[in-house]
Every structure is written in C-alpha cells, then in structure tokens.
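Peer 1: Start from chain Y and add chain U according to the hints.
Protein chains: 2
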Amino acid sequence: MLKAAMQYCYATRMETTPRSFIREILKVTEKPEMISFAGGLPNPDLFPVEELAEIARDVIGGEGKKALQYSTTEGHPPLREWIAARYKKYYHMDVSPEDILITNGSQQSLDLVGKVFINQGSPVAIERPGYLGAIQAFSLYEPRFHAVPLGAAGPDIPTLTGIMKKQRPVFFYGIPNSQNPSGVTWSQESRREVAEIAADTQTILVEDDAYGEIRFNGVHLPPLRSFLPDQVVMTGSFSKIIAPGLRMGWICAPREIREQFVTVKQGTDLHSNILSQHIIARFLSEFPVDVHIRRITETYHRQCSCMIQAIQDSFPKCVACNRPDGGMFLWAEMPEGCSSMKLFERAVARDVAILPGVPFYTDGGGLNSMRLNFSNQPEDRIREGIRRLGEELHLYLEDPDHGG
Amino acid sequence: MLKAAMQYCYATRMETTPRSFIREILKVTEKPEMISFAGGLPNPDLFPVEELAEIARDVIGGEGKKALQYSTTEGHPPLREWIAARYKKYYHMDVSPEDILITNGSQQSLDLVGKVFINQGSPVAIERPGYLGAIQAFSLYEPRFHAVPLGAAGPDIPTLTGIMKKQRPVFFYGIPNSQNPSGVTWSQESRREVAEIAADTQTILVEDDAYGEIRFNGVHLPPLRSFLPDQVVMTGSFSKIIAPGLRMGWICAPREIREQFVTVKQGTDLHSNILSQHIIARFLSEFPVDVHIRRITETYHRQCSCMIQAIQDSFPKCVACNRPDGGMFLWAEMPEGCSSMKLFERAVARDVAILPGVPFYTDGGGLNSMRLNFSNQPEDRIREGIRRLGEELHLYLEDPDHGG
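Residue numbers (my numbering), protein chains in the order written: chain Y, 661 to 1064; chain U, 661 to 1064.
Some hints here could point you the wrong way.
Since the list gives no way to pick one copy over another, a pair counts as held whenever it fits inside one copy or between any two copies.
Straight-line Cα separation of at most 30 Å, DSS-like style, residue types lysine-lysine; simulated pairs [said to hold, decoys possible]:
| no. | residue 1 | residue 2 |
| --- | --- | --- |
| 1 | K977 | K1002 |
| 2 | K1002 | K687 |
| 3 | K687 | K725 |
| 4 | K725 | K1002 |
| 5 | K825 | K687 |
| 6 | K1002 | K691 |
| 7 | K691 | K725 |
| 8 | K687 | K726 |
In short, the hints are calculated from the structure, not lab data.
Fair warning: this is a prediction, and the values are worked out from it, not measured in the lab.
Extracted from the complex, chain Y is given alone in its bound form:
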C-alpha cells in the first residue's frame, strides 16, 4: 500500500497573512538592465564602508570575547545612550537610555508590537495607504484592520475619531515623517490633533520614525511622543542612516510597556546581534554622524528633485504626484478606473519597474496608485526610467484595454 502523503496543518494565522507582494514583484525586477523604482533600498554608495570595515576589525580584535558572546536582551548600553541623546538633541524629548530596546530593525519592532498588543480579532487602526511591512507584521497576529485615509497633511481626523471612539483599537499605527508608501509628512497641527484624540480615548499610538532623519525640506516636526509620552511606542532604525543589512533598530516605550517588549524579545531571539551593536555604537561615537546624514539627505534630495522634474517633463497631467519633504518614496495616482498592475506589466516590458499601490490598502482600493522609489537609482537612470514610464502612461491612458 502506498503511504498517504503527509498533510501539513498550520496555525490559522497562515491563512490570513498576505504572501509578500513586494517579494514576488522584486523577483521580476532583479535583472540588471531593469530600472527599478519598485524596491525600497537605500543608496549603497552612501554606506560608510571604509569606516565600518576598520571598526569591525578593531571591535572584534579588541573586545571579541564580549562582542561575540551572549548579551542582554535590552541591548548595548552605549548604543541606547546615543539614541536617547539624539532624541533629546533633535526632538527635545526627555528620553532615558533605559527607555530604549534594541531590535532587528523596524520590522522586528513591528512584530514585537503585534505580539505585545494584538489578540486574534483585535481592532488595529492604520493609515490608508499603510506601510506594507506593518500590515504583514501585524497580520500574523490576526487583527481586524481599520483604515484611516491619509491626506496631504496627515490622517483624516473625523474618521480617526470615529474609529478610536467606536472600535477601541489596541493602537493606531502611523509614520508621521515621510511615510512609506506615500511620502506624506503629517503637519504639526495634524500631530497635535491625533495626540488629543488618543489622549481622550486612551489609545496607544505606534509612531514609526524610520525616516525622521532623512528630511531634506523644512524643519523637524515634534513627534507624537512629545505630546503624549506615556501613550506612544516610537520605533527607529539605523537602516536608512547607516545600513539596512545589519538589521538594527529600536523601540522607545513607556517603562511598563517596555518591560513587556523585553519579555517577548527574549522569547523571540534572546537579543539582537551584539557585534553589530558594538560596530554601530563605535561608528556613531567616532565619526561625525551629522555630516554623514547630511550627505544622505542631500543626495536623496537631488534624486527626488530629479524624479519630480522628469515626471513634470513626461507624465500626463492627469497623473497626480506629490512632492515629499524627505524619505525615499513619492506617490502617484492615475485617474480612477486605471490599473497600476496593468501599468506595471507594460512598464516591465520596457525594463522599468514600479510598485502598484494595492498591497498598501487593508480594505481594498488603491488600484490606480503606485509608489516610486528614488533613492536607489542614479539620476541618469531616474530620467530615463521616468521618460519610458511617461510614454507607457500616455499609451495606457489613451487606450487602457490595449497591450501590456
């Protein structure tokens, strides 16, 4: 008799978790001739390669027995001190090093947020469009999402108020600075209003600040945490200011919540790579970080301006694009009824990749929208890619049912 084929049984969360759309898309875009605006990679020319190479050798050679051994869950104290001091200097927030937990990048911070707060069926409020990585991280804990439309100056306040009062979400997650995917930065007024509703309804805010340092226009606006320190879980990342491959970020949270994070972090992976924590701490203390970050923001500013100019030169006027003040993305919307998946297919045939907006919507919609990344292509390729995309947009909008 033949042995019956093994039937695998998984937890119910595996049914509701979206397969990574980006991952499938990015596979298409791996050809070297592809001009990809689809991914979300920082510009690797700006990684401090030589500095990190020397530091890595010195750290391992000099402190290897400590920097390679098991370590504490909370993280390397000098690194936590730097983060607290940075918050003080730039955001005028009173943060203690003890408030910081080192994580494996923002993505793990979001996973830990889900683990600490979300039961199966818990209501979670999120921007619309919302960050795909957060949607994926939270989905593994099976929440019910409530989407808050994101406008040019921040979340829609009446909708947010209604959700907070009626649905009682376990938290509202957002990216006030240079949001991924939209590039939107919430205004000061919007931040104040969101904090007020959260205070009224005792709702936790999860403030993802992965792009706060990558601001090339305007001043630093006050974080939500500065209005409401005992209700905000703030996350940060070294991915955009040093390098993403090290997977290093952090959570800044009120003491009581932080203890919960430490408990789950320990059950999840004991602690983050301590060698990389030593390397980053040494880089931050020995090199002029502000000069380094200014080099990044100036470069991204140029890349962003180049993309905006190219869009003005070649996109149909009915395609709306925004003008981000920072970050790595801008957002474009075709007229209602158009499909950015169809545009994606046509663009890929011309060796240009965009990211269709659909996966950023937890409640459907976004069919006509797309995210464009400007940080990972040199300016000549940005111009050429946008030129080809403009041609395809003209052809598609003239005859949406043809080709592709």
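Peer 2: Structure of chain U alone, referenced to chain Y:
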C-alpha cells in the same frame, strides 16, 4: 481634575508567558567573584577572534555594498550550501541548500516554529524536563503543553504514544543530542521508535540540534530527520561552534513547510543580519572548521570530566548526576522532597550559582533538580565551586530546614 493614569492593555499571551526565570537568576550571578554554573554561555576563549576580525574587515571593505544592503529572506547562498554539505558529510542526509532558511539563532527558529504551527490552545508535546527557551518561545503562542518524561536514553515511548494518539499535538519538540537542560542524548533505538510513532500518527517532529557538533564521547547518531525527512523540522545554530553574539542559526524543513517559514520570517524581521552571514560563510570556507570544532569538544570534554570528578569527590552519594556525551550541561537530582531553590540560595551565599530545575517543567515538578553548566568556567574554578556546592549539599541534606 487629575488626569486618570493610563491603563495599558496587552494581548492575552502576555499573561501566560513566564517571566524569564533564568534572566532573574543570572542577575544574581553577575558579580565577578561568583562561580556560576547557572548560565549557558560557551567558552569565549574558543571564539575564533583573530580570524573573524580579519574576515570582517575584508568582507566590509570588499563587498560592503552588498553585505550591508537589504538581502533575501532565505539567507546568504554560500552559507546555506555549507550547511547542506555538512548535513551530508556528518549525518548522511540528502539536504539541498534550498531546504535551509537562515535565522537569528535557535531562539528565532523556535519562535518561527510557534508562529507557523501554534494556535491558542493547540496541543504541543515537549520533553520533561524541556528546554526553557523553547517553553518561552512557544508560550507566546499560548499552546497547551503535554510533557513527555525524558529518561537516560530518550523520551518515554508509552507516554509519547498516548499523547500523539489522543492529544494530536501540532508537533513534538525535543533535543536528541546533549539535551538542554539534562545533557541526555537519545539512543539510536529511541530515535527510531519516536520516528515510527510520528509516522503512524502523522505528527510533525521539531528536532533542535544546537549541540550535535559538540559531541565528545561516542559516534554521531542519526537525526530524526534521517528517518522521516518530510515530517521533521530540524534547527541548527552557529552559537556553539562559532559565537552566539552573532545570533545565527537555521531551519531545515520540507519544502512546503519552509515556504511558510519564509513568509513568517519576512513579516518578522525581513532577513537575518547579512554581514554576519557573509562573515560566517567566509570563516567556514577559509579555515579548517573541523580542527576548530575539535578544539571546542576537547575543551568541553575536559571541563565536563573535571566537573564529574569534583562531584564524585564532594557530593553526597544520594545526589544523582548524569555523565553527558556532549553539550554544555549536566543534570543533578537531590532526593525527593529537597528544594533546589533553597540550595540555590545557600550556594549563592558562598558565591556559587546553580540553575534550579523548576522552569524546565511545563507541568510543575522538578523541585529537587538542577542544571550545571561546565563550559564557562576554568577547571580550577569548577573544582572550587563544586567543592563549596558539595559542602552546602551535605549541610542542606542533614538539616533541610536550617539556614539558606
């Protein structure tokens, strides 16, 4: 009016997750004069510090733009190739590099296992005593544990059979080689029997092989996976053979299950630190790894033999200790009715730390047992610590209610 204090609300899993007992204990043991057998640290004198320092500089200097950039969830291909080849060479298993997913050490592998398989209330079978890190990782997914007594040659087969047939656990988790905490290695016969019951009942086996390479007596026994490749999720780690601070391990799983792991790993932290993956892969390809591992096993063998000799010289005869063939721990049991927590308190007053056995039991019990780590103390301190512990044991067993 005073503002009402914020009431924090967490997911139900936070209520059932044990606060880390080890963590609290280890805080007591941090004084430099403390001779600690409580932790589970590898011997840092055996970290390949000089080699890793040079490799780290070369990798960042030579391939920094790749080794510091975002990377694939599955992991660095040369590292996955090395692991597959190693399985072939030592365990004669036919494993493809595609079967391997790189993780942040065994602890993350266990977290991902919980995420993929456990619903709230799912039955999970685990050894008794069982690995505390696994109990913590799985607890965050709120299973019901079913404990399978672990004897000197492996799990109790009648109990395991009953649990697999009646409770239908989503998996049975165990450490067949040099188990943590007990130091027990399952016999070949025991492995065969466990695989047979699992095949009969279509139960997934989670085979944690963190210590397989650290074997100083006897031959390599066949992994569970070699009997039942399509039902075994096997986990491995570089923590014991290279260094734990890098947080690098892996999962080897059947293709269909592996795809689930990749999906959850991506939502959890995108991918593991790619710089460390490059560094480890380079170390494994450029240096004689077998010589390095032999140095570790010979050292641990000496440390283990030293501890066993010291125990024979000074422990009361009614305290039963085992004689591990590998790993970093041995297991001791006082007569029924004794409390290893009381012994812990007395020992700490003499600057010696042990790990009481209680947290390794998911169903109570283990009150009279303790884990002793031999890998992280030099031999003279092992002798001195065991001598003091023997004195305290004699005093305690003569008059259990006195002192402490």
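Peer 1: Now, for every hint given, state plainly whether the structure supports it.
Peer 2: A quick look at each hint next to the structure:
no.: 1; hint: K977 - K1002; in the structure: within (19 Å within a copy, 78 Å between copies)
no.: 2; hint: K1002 - K687; in the structure: within (17 Å within a copy, 59 Å between copies)
no.: 3; hint: K687 - K725; in the structure: between (40 Å within a copy, 20 Å between copies)
no.: 4; hint: K725 - K1002; in the structure: neither (55 Å within a copy, 33 Å between copies)
no.: 5; hint: K825 - K687; in the structure: neither (42 Å within a copy, 43 Å between copies)
no.: 6; hint: K1002 - K691; in the structure: within (20 Å within a copy, 65 Å between copies)
no.: 7; hint: K691 - K725; in the structure: between (42 Å within a copy, 18 Å between copies)
no.: 8; hint: K687 - K726; in the structure: between (39 Å within a copy, 17 Å between copies)
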